[in-house]
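Line by line, the protein sequences are chains A and B.
Residues in the first sequence are numbered from 13 upward in steps of one, following the working numbering.
Residues in the second sequence are numbered from 25 upward in steps of one, following the working numbering.
Hint data in this document are derived by calculation from the structure and do not stem from the laboratory.
Virtual Cβ for every residue (Gly too), placed ideally from N, Cα, C.
Treat the hints with care, as some may be off.
Claimed, not checked - Covered stretches of chain A (chain B as the covering partner; in silico rule of three or more C-beta atoms under 8 Å from a C-beta of chain B): (1) 217 to 225; (2) 411 to 419; (3) 433 to 445.
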Amino acid sequence: MATTRLRGSTVIRRLLTGVAVVATIGVLAACSSSSGGSTDGKPSGKLQLLVSSSDATDAGFRAINAAFEKKYPDVDVVFSTVSNDNYPATKSSRLTAGNLDLFVVKGMFETPSYAKDSATDDARLAAAGGLVDLTKESFLQKFTPTLLKSQAIDGKQYSVPTGVSYYTGVFYNKKIFSDNGLKVPTTWSEFTAVVDTLKAKGITPFGMGGKDSWPAGLPMLASVASLYPNAADKQQLAKDLWTNKAKLTDPTEVKVLQQTEYVLQNSQQGAAGADYTSIPSGFAAGNFAMTVDGTWDQPTIDAAVAKKFDYGYFPFPGSDDAADNALLNGKTELQLAIPTSAKNKTAAMAWLKFFSQKKNYELFLEKSGFSSAQPDISTSTFLQSISKYTATYQPAWDQIWFANNKAGQDAVFPFNYPALKPLGSDTPEQAAQAAQKAWTAAG
Amino acid sequence: MADTFPFPKRTPVRVTFGIAMLLLGVFGFVPAVGVLVASLTDLRGLPGLPINFIGIQNYIDFFSPAKWADSANALTNTIIFAFASTVIQIVVALAIAVLLNRKLKGRNFYRAVVFMPTILGVTVTGLVWSLIFNVSGGPAASVLSLFGAHSAFFGDPHLALALVILVQVWMVLGVSVIIFLSGLQAVPEDLQEAAEIDGASAWQRFRNVTVPLLAPSITANVLLGIVNALQSYQLIYVLSGPNNRSTQVLSLLVYVQGFGGASGTTLSQSQGYAAAVSMVQFVLVGIVSIIALIILRRREAKL
């Protein structure tokens, strides 16, 4: 009986199997089909664009894409936006599959000789010939030469900077400040006095999204910006740490962690478990008076505040000498590169050229909130309000420091802010000792 | 007929088993060997970069003094996570299964409710519990505030792992309950009746009749629980992020090293090192599973 039934259904099964196989092959063939692109120099076909996401920059890219498609109706921009944490994995798989024409690269800077084994992934990719050399492209000349110089690999240009962000400053609620007779602090003692006044009035000084870990690193970077005010000071510190001339347990290094802990301890209840994305709404609701954040978040904060009160941004005053706290530190934002494996280089190159044109670039800056990477570009009112803090570009500590792949997590950044209470369970001194131990062990 | 049922000829057997072996070989065995080979190289996440054979350097690094604090932390968390979630899961699942095996009104509805979290999947479960434990205005925070208390929940290094274990148990409980229920339904009624006539109390019947006859179900649940927990990282990733030391487990370390990089650092991806960590994890899963299997089988044999 069983035999008959089996044989009776065999034809149907084979038919179904056949259909499934044909369908699968069809789907796979469709997936692997070329994204097209022309050979006559006129952009056409699909343009695969991958970026790491934030609401503001996504809006900027979408606006550029729409304008680009209007100018080049034969091009279909396939825009993918992926969260920062998932970006490396997505980039890796898309590059391996060969379906990327334009994408965001990170860590495009020359590796110093003392850290030669710690080159970033994208710098390695550029050096291995994985990125298209853009050095001779005329559109690159529109960008600020010092920014281009800082992103050169072996003297060559592989990416287009989309803007500059500053992230060693503090957003503050001007209404809370004026209601309590507070002024923008310019030294550490003034800063602690502001915090004390706020606490005495029952106002939470800081908002912090500690669950994502990296936002808690912003006060650390801000403190380094004050305690090591020039790029040369930071470069010397990085070199001294790598060559073991400086120790992470030295007084100034511990002070960085103490100031970071100070912000953490004076943040809202449950800050260690709060999402970064919840901070703008908390700030807008007046739940806290300040938040240490990057200028990239200004469009989001602005939308959340919705003109209910005025807000401002001042450099984190970690030093007792106001001159050391005069400038914000920043980085070149979302650099775009074309992989050599791109199927539609023509459209990718046309997109970069289109993006670099003044009118289009201004549109991007308006949406993204970035500071301009090109000279002579009009900027937003907010960016104008902080222009005295950005008169001279100073790179932030994480743009100078090279992490040691051999070292443990305590010595990754440094400074070891994830170990501090309430994110971890250490005091600044214990965190510094753990970092120094991990650093020494890495040799 | 009985000898050859359901395949009257050898050909279909060979073909079906052949296809299965081929699939297992291509998608299971070959990648496994590939991971072993990759663990001996400095393979990185991006195509086109040179790959060098570096021997057992990745393994030396994993056990090196510089990395040992992280490796030991991940190993400890992995073992605590696997042990605690498996034990709690089995105890709770058995209790629920016994309850749902009784003649209750709306029994099927309760069974569906218990099984539902299994269908939700990791990401949805993670998001649901992230909202429940949201520090600002989430239900758990609101309940705590009634008592004047507060907590950072997944941000609290002393609490995060316990909460992740709770969510893991909640998520996988349904499958264990189903396995126990099927086991319970195979326990003959007459044995229970005989024990009852002999004067055994409810607890004695449960302890001396039900549990021994459930031994195969317990074995299946323990093994599934251990293997599942030792390999699980997605839930932890969604709930407490990729770089939280208090919930860092081996499989999450593999993901972060192989595919994540660390946000805000120049740390590069290292799939070679990730492969080495996954081999360590493989050995750990293998040893724990084999020991558990030997103990449980011996127990089954005794019965």
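Checked hints:
1. 217 to 225: holds (count 4)
2. 411 to 419: holds (count 6)
3. 433 to 445: holds (count 4)
Consistency note: the structure conflicts with none of the earlier hints.
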